[in-house]
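**Student:** Let the sequences and hints guide you as you build the complete structure.
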Amino acid sequence: MSLLYSIDLFGTAIFAISGVLLAGRLKMDPFGVLVLASVTAIGGGTIRDMMIGATPVFWIHDNNYIWVIILTSLATMLIVRRPKRIPWYVLPVCDAIGLAAFVGIGVEKALSYQASYLIAVMMGVLTGCGGGIIRDILAREIPMVLRSEVYATACIAGGAIHTGLLTFGFTSNNAMLGGIFVTLAIRLAAIRWHLSLPTFALKRT
Amino acid sequence: MSLLYSIDLFGTAIFAISGVLLAGRLKMDPFGVLVLASVTAIGGGTIRDMMIGATPVFWIHDNNYIWVIILTSLATMLIVRRPKRIPWYVLPVCDAIGLAAFVGIGVEKALSYQASYLIAVMMGVLTGCGGGIIRDILAREIPMVLRSEVYATACIAGGAIHTGLLTFGFTSNNAMLGGIFVTLAIRLAAIRWHLSLPTFALKRT
Amino acid sequence: MSLLYSIDLFGTAIFAISGVLLAGRLKMDPFGVLVLASVTAIGGGTIRDMMIGATPVFWIHDNNYIWVIILTSLATMLIVRRPKRIPWYVLPVCDAIGLAAFVGIGVEKALSYQASYLIAVMMGVLTGCGGGIIRDILAREIPMVLRSEVYATACIAGGAIHTGLLTFGFTSNNAMLGGIFVTLAIRLAAIRWHLSLPTFALKRT
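Protein chains in written order, with the numbering used here: chain Y, 1 to 205; chain C, 206 to 410; chain H, 411 to 615.
Take the hints with a grain of salt, since some may be wrong.
If you want the ones that stay clear, here's a sample from chain Y, every Cβ over 10 Å from chain C, calculated [said to hold, decoys possible]:
id, residue
1, L9
2, H61
3, I70
4, V80
5, D95
Chain H side only, calculated, beta carbon under 7 Å to chain C, not exhaustive [unchecked claim]:
id, residue
6, R435
7, P440
8, G442
9, V443
Here are the simulated lysine-lysine pairs, BS3-like style, with alpha carbons at most 30 Å apart [as the list claims (entries may be wrong)]:
id, chain 1, residue 1, chain 2, residue 2
10, Y, K27, H, K437
11, Y, K27, C, K314
12, H, K519, C, K314
13, C, K314, Y, K109
Just so you know, the hints here were simulated from the structure itself, not pulled from any lab data. Glycine included, each C-beta is placed from N, C-alpha and C at the ideal position.
**Tutor:** Spelled out as structure tokens, the structure:
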């Protein structure tokens, strides 16, 4: 569980950075930057916990999450002046690692609250994608997750494998690792080959 | 109660369709469509449950809601290519039926958690209108409910009648049916004669 | 505690007015006005309560909050036709009083749920700033709080003093008053001299 916790904090840091970078494009003050970093990093898990009744939510009694967000945000603001200098694939790949872990953790947590497999997969997707959706709403953009690439689809696939392996009698840990691996693999493939789903578009009247 | 449950699922399906149709105008991918359908259909009730402490929220331990949303969304995406072909009043009328049921259910649930009549009416309105508000936020539109027609007003009237009948000693079921009838009647009248309230507009400085 | 409760309701009224004024600029119907007033006035505290598990949230079993919002909103709609006639500093100064009280109340409540000082300060900021953020999202604006002036910073400072005084052994009441005083003083100074923090802006690629 210690490895998972590390990956969880790693994902929190990565998601916080993506919030900081968006805030930077919108010229926010330092507090706005922190808010955007926080909702991106812990927004999905927070909504999940409020829905399943796991309150106080996960970061209330574990300061590490907030410290990770604060320190990552400060560091990012100080260091990253020209995002161009970072190779383009670094952030998406880190994001994929964090995302995969978040989905696995979300599925696990929902199951520990007696959710069905269907709901558990949904909670995994929410944990992974919820923060980014709130981030985009705050930034007044139509959430990217809803429109592009194989992002949520990777989460759904990972969650399905996770619960599927449980059905086949795998241990909780192995099933989670299987699900995380699948989410990660699909995301990396989507990043590498720019995969995207066809969109659903109605003809305008 | 079985009739009410059926109407509840019917309302869920209708609200999901309205989410799918909006998603179609925004060219979302299938996952985005599902998210918009879900928040429209169960968003209001979910916020209500989180506020009154009815967690896990109502759909966590009853998969029917999510299945209804998934199947309705898929069917809508496959069938509805040209929304124009459907007579314009079909969707609003169905929406009115779902809305009226949602308000009644919301009032009932709040009362079962010892809320006052004032708060119960508010929770009824939230259950009916909350999902549509979140849908519009995600689609980056100023929520329609806040600006047009006798929509929320119908919910308030229905909720007031509902709790009013309780005061006069009607049974829980009859009071709810009375409230649902009033919400439905006002909405149908508003749709038929395009009723709307005057807006509150400040002179620009 | 009675004084604090009075200030709390006063803050609720002031925040409701700010919601009504924004609604007036967007030409909303009376219900939209009420919704915007409500989310501004009780939105922050509601999210706080849902996160720490203090459900039903604070206004569910105390109708005074909702009555204050309804009556304030109606009065504002009837009276305020030309916001220009009110001296510009009246609303910001009232807002500062409400904000300072909200932060103090938020910190107190979080501590009563065994939150750490770090989380308590965060909850104070959320209680003070959350409502305004939701108001701006509903109005489809990038939340002002995230971009301008020393607003959230005043809340953070007040919360830090509040918990700092507790560390030094001050009583709960005195620590809270100290924190409220600091938030208020910084906000008034920021209003008087138009203080603002430098923004964090990334160079566009």
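**Student:** The structure should be examined with respect to each hint, and the outcome stated for every one.
**Tutor:** Against the structure, the hints come out as follows:
1. For L9 of chain Y, the condition that its CB be more than 10 Å from all CB atoms of chain C holds, with the nearest at approximately 26 Å.
2. Here H61 of chain Y stays apart from chain C, with its beta-carbon at least about 18 Å from theirs, past the 10 Å limit.
3. A cut-off of 10 Å between C-beta atoms confirms that I70 of chain Y is not in contact with chain C; the least separation is 27 Å.
4. Listed as outside the interface, V80 of chain Y is consistent with that label: its C-beta sits roughly 27 Å from the nearest C-beta of chain C, beyond the 10 Å cut-off.
5. For D95 of chain Y, the non-interface assignment is confirmed: its Cβ lies about 17 Å from the closest Cβ of chain C, beyond the 10 Å cut-off.
6. Nearest Cβ of chain C to the Cβ of R435 of chain H: about 6 Å, under the 7 Å cut. The hint holds.
7. With a least beta-carbon distance of about 6 Å to chain C, the hint placing P440 of chain H at the interface is held under the 7 Å criterion.
8. Hint status for G442 of chain H relative to chain C: holds, with the closest Cβ pair at about 3 Å, below 7 Å.
9. Here the hint on V443 of chain H is kept, as its CB sits about 5 Å from the closest CB of chain C, short of 7 Å.
10. Our distance criterion of 30 Å between C-alpha atoms is met by K27 of chain Y and K437 of chain H, whose separation comes to about 29 Å.
11. With a CA separation close to 44 Å, the supplied pair K27 of chain Y and K314 of chain C exceeds the 30 Å bound.
12. Between the alpha carbons of K519 of chain H and K314 of chain C the distance comes to roughly 26 Å, so the proposed pair stays at or under 30 Å and holds.
13. For the hint pairing K314 of chain C with K109 of chain Y, the CA-to-CA distance comes to about 27 Å; that is within 30 Å, so the pair holds.
The structure is inconsistent with hint 11 alone, although it conforms to all the rest.
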